[in-house]
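J.: If you read the protein sequences in the order shown, they are chains R and P. Under my numbering, the first residue of the first sequence carries the number 1, and numbering increases by one thereafter. Under my numbering, the first residue of the second sequence carries the number 1, and numbering increases by one thereafter.
Heads up, a few of these hints could be off.
[What the hints assert, rightly or not] Now the in silico label distances, taken between C-beta atoms and shown as ranges: (1) P:381 <-> R:179: 53 to 59 angstroms; (2) R:56 <-> P:438: 45 to 51 angstroms; (3) P:381 <-> R:93: 28 to 34 angstroms; (4) R:213 <-> P:371: 52 to 58 angstroms; (5) P:378 <-> R:156: 41 to 47 angstroms; (6) R:74 <-> P:438: 44 to 50 angstroms; (7) R:213 <-> P:546: 33 to 39 angstroms.
[As the list claims (entries may be wrong)] Chain P regions said to be covered by chain R (calculated; three or more residues, Cβ under 8 angstroms): (8) 94–103; (9) 405–413; (10) 446–456; (11) 460–470.
[Said to hold, decoys possible] Partial pick of chain R residues on the chain P-facing surface, computed with a CB cut under 10 angstroms: (12) 88; (13) 109; (14) 177; (15) 179.
What the hints contain is simulated information worked out from the structure, not anything from laboratory work. Glycine is no exception: its CB is placed at the ideal position from the N, C-alpha and C atoms.
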Amino acid sequence: MRVVIGEDEALMRRGLALVLEHAGFEVTAVAADADDLVRKATAHRPDLVVTDIRMPPSNTDDGLLAARAIRERHPQIAILVLSHYVQRRYATELLQRPNGAAGVGYLLKQRITDVDTFCTDVRRVHHGASVLDPEIVSTLLKVDAPNAPVARLTPRQLEVLELMAQGRSNAAIAERLVITEKAVVGHISRIYDLLDLPPSPQDHRRVLAVLQHFSH
Amino acid sequence: MRGSAPFRAALALVGVITVALAALEVVLLLSWHAAVPGVLVLFPIVGLIYLAAGVSAWSRRPSNRLGALLILGALAWLAAGLLNVTVPAIAAIGLVTAVLPLALVLHMLVAFPSGRLRGRADRAAVAAIYFATLVLQAPAYLFGQGADPVSAGLAIADRPELARLGSTVQDSVGALAAAIAIVLLAARYRAASPAQRRVLGPLYLYGIAVWLFIPLSARTIPPLLGPIELAVFQLALVAGIPIAFAIAVRRGGFAQMADLDELSAWLAVRSDGAVGLTRALSCALGDPTLRLVLWAPRSGGYVDSRGDRAVDPGPGEAAVEVMLAGRRIGAIVYDAALIGEPSVVHAAARTVAVALDHQRLTVELTASGDRLRRSRERIAHAADDERRRIARDLHDGMQSRLVLLGMEASMLSSAPDLSPDARTAVAELRNGLEASVRELGALVHGLMPPALLERGLSAAVEDLADRTPIRTDVDLDLAPGTPVLSPAVELTAYFVIAEALANTVRHADASRLQVALHQRDGRLRVDVRDDGDGGAIARGETGIRGIADRVDVLGGDLTIDSPPGGGTRITAEIPCAS
């Protein structure tokens with residue numbers, strides 16, 4: 001399990017390396033700007049690229065653009081994008097991945113402060129899952145208008161939707177909510193009906209479907 | 001301006017003394033002259049007419065010297081009238097001053113309308129005529145009229161040929177002076193406006209006619225009229241002179257209404273600024289070329305009403321400073337040929353001082369308004385730059401540092417050799433650090449929204465809508481190809497929308513929000529409306545005031561339409577042409 005890190009702050013770079021090694025990864029290269037990240041990912045062909053969004057040269061969304069460029073050239077490399085701030089637009093861009101592409105994740109940097117959960121998420125991305133930060137999901141699931149479809153969901157269905165949108169598998173949802181996987185499948189089918197989501201059996205496809213449902 | 005009380009008292013005293021002198025002369029004439037006393041009394045009466053005209057003109061226009069000249073004319077007539085008294089010592093006064101009244105008539109003609117002499121030619125003509133009437137008169141009474149015992153009082157020799165020679169020289173110099181005067185008056189008449197000519201024409205013609213007629217008539221008319229009739233005719237003509245001058249002076253001479261009382265009244269009711277004030281002044285003082293300039297202490301020079309550097313007085317122009325409370329506030333630049341007496345302009349300067357100061361302050365305010373706007377712009381830019389810098393520093397430094405501390409706490413809490421209590425404490429520490437990271441993130445977001453910094457206005461507005469717990473529709477029309485928005489415009493538009501959304505969430509009890517952004521014709525239009533309770537203006541949010549200030553700094557407008565119960569609509573129009 002090899003990883004290339006893109007991060008312009010030296011301290012954060014070391015911290016990330018530390019926590020990724022803790023998760024069982026071998027850090028093969030680190031890059032301090034977006035161009036260097038693309039070069040090193042191409043050279044090392046790691047299993048996973050972990051990158052910050054705001055990076056030189058322009059200090060805007062260079063890291064995100066680098067991640068998309070890497071995935072386009074090397075779809076087998078899983079991508080985990082980190083940032084101090086998450087927004088739906090970036091999530092939508094990241095989750096629109098080609099068929100058969102490796103996993104993708106978009107998390108707040110502060111998730112590192114829960115090392116165990118973070119390491120689990122990193123492994124899930126490595127294993128091909130779509131992982132979306134809970135903050136984006138909860139923002140999207142805000143119950144606004146009384147007649148919105150989301151408002152008709154039961155509290156349990158909302159919990160299932162939220163975990164589903166974070167990219168968790170049926171088994172993980174069942175485990176988290178302490179219910180059977182069969183019950184999870186029942187909830188999910190009801191949610192699909194209510195929100196009129198297109199059928200998408202794969203876990204990571206479900207995330208994009210939910211995202212797009214809440215897009216304006 | 002009717003003159004001060006001391007001036008009026010002095011004038012009254014002069015009048016009383018002159019009347020007394022006239023009365024004395026009447027008594028002298030009646031007592032010491034047997035023949036035709038009735039006609040001789042006409043002399044002091046003409047003198048009194050001069051006096052009345054002089055007092056009238058002088059009291060009306062204290063700064064105008066014609067009043068003084070008319071009173072001098074009265075005294076000259078009284079003196080000349082003494083010629084007819086049979087007491088030689090008194091008659092001598094009359095002998096010396098016999099033709100002085102004629103000199104004064106010429107003096108007044110040349111000095112009209114201000115009563116002051118302008119230029120060398122004026123002074124030469126007047127000096128020549130006084131020389132002719134006072135000095136060249138001497139041969140007549142020193143060498144002539146030996147036969148007349150009364151007139152002989154001053155004679156030193158009976159030399160008629162010298163007297164005749166003197167008379168010829170006197171006539172020549174007098175004619176020369178008159179010729180200069182006529183040329184001067186003709187030039188003045190040519191230069192005058194039609195309105196001025198209506199005053200000048202009759203006065204000049206009448207004055208010159210009288211002046212020429214009196215010496216000539218003495219030689220040409222006697223066959224037609226008896227000496228008595230001639231004298232009465234001459235005196236009647238001469239008596240018309242002061243009346244004509246007094247009327248001309250009281251009418252304002254050159255000016256339509258040099259009476260500044262009217263100007264004051266005008267100033268009290270009008271406020272149409274520099275143009276109106278200049279027009280009123282030029283009308284009051286009779287100078288269409290008159291202009292007002294304002295003193296600019298900052299640049300130490302004069303400026304016009306637009307704040308541009310004023311043109312210096314040209315040739316023929318004069319300037320009078322306008323002072324208020326000891327400060328110089330401006331100047332009146334006028335045509336020195338049209339307005340002979342600076343004192344009138346000085347009086348006008350006092351009258352318009354307050355109005356001019358008002359105008360000067362307006363010009364100053366406009367200029368300082370521009371400076372203020374630029375300075376606000378700079379301050380706003382500096383504040384935004386500072387915001388951006390602080391947000392970046394926090395993002396790059398503190399946020400990462402706290403995250404790493406939380407990570408260390410997290411790793412520490414799962415260390416195998418930790419007591420349960422320590423494990424709990426470390427877990428709490430981690431939770432606390434995570435909460436701090438969240439708070440810091442919110443702070444950084446409030447300073448400078450990352451979406452705006454990374455992706456620009458439309459991404460940031462979309463993100464705002466995502467985070468608003470009320471359904472928010474976003475309509476973005478920032479067509480590609482339109483000029484890129486400046487950071488200041490983007491940030492201001494963002495804050496307008498953020499503040500509007502926050503207000504709706506806090507107060508409006510709304511179920512729908514609409515955000516629209518349109519960029520066209522160099523303006524960015526931001527429009528946020530909700531279907532809530534309205535009444536946002538009544539609440540007078542400080543946040544709304546803050547964004548209104550921001551919009552104002554950029555030269556835009558912010559309008560709030562929020563009728564109670566009718567929803568709230570906040571619209572900002574921001575110039576964004578690059």
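J.: Looking only at beta-carbon atoms, does the pair residue 378 of chain P, residue 156 of chain R fall within the given range of 41 to 47 angstroms?
T.: The hint (41 to 47 angstroms, Cβ to Cβ) is violated, given that residue 378 of chain P and residue 156 of chain R are roughly 57 angstroms apart.
J.: At the C-beta level, are residue 74 of chain R and residue 438 of chain P separated by a distance inside 44 to 50 angstroms?
T.: violated (34 angstroms)
J.: Does the closest beta carbon of chain P sit nearer than 10 angstroms to the beta carbon of residue 179 of chain R?
T.: violated (27 angstroms)
J.: Checking C-beta pairs, does the stretch 446–456 of chain P have three or more residues closer than 8 angstroms to chain R?
T.: holds (count 5)
J.: Per the hint of 53 to 59 angstroms, is the separation of the Cβ atoms of residue 381 of chain P and residue 179 of chain R within bounds?
T.: Hint holds: Cβ distance 57 angstroms, inside 53 to 59 angstroms.
J.: Holds or violated: 45 to 51 angstroms for the Cβ distance of residue 56 of chain R and residue 438 of chain P?
T.: violated (26 angstroms)
J.: Hint says 33 to 39 angstroms; check whether the CB-CB distance for residue 213 of chain R and residue 546 of chain P agrees.
T.: For residue 546 of chain P against residue 213 of chain R, whose Cβ atoms are near 36 angstroms apart, the range 33 to 39 angstroms holds.
J.: Mind checking, does the stretch 460–470 of chain P have 3 or more residues with a CB under 8 angstroms from chain R?
T.: holds (count 7)
J.: Confirm or reject the claim that residue 213 of chain R and residue 371 of chain P have a C-beta distance inside 52 to 58 angstroms.
T.: holds (55 angstroms)
J.: In terms of beta carbon proximity below 8 angstroms, does the stretch 94–103 of chain P have 3 or more residues touching chain R?
T.: violated (count 0)
J.: Within 28 to 34 angstroms or not, the Cβ separation of residue 381 of chain P and residue 93 of chain R?
T.: Since the Cβ atoms of residue 381 of chain P and residue 93 of chain R sit about 32 angstroms apart, the hinted range of 28 to 34 angstroms holds.
J.: For the hint on residue 109 of chain R, does the least C-beta distance to chain P fall short of 10 angstroms?
T.: Constraint on residue 109 of chain R satisfied, holds at 5 angstroms.
Hint compliance for this structure: hints 2, 5, 6, 8, 14 and 15 are broken, all remaining hints hold.
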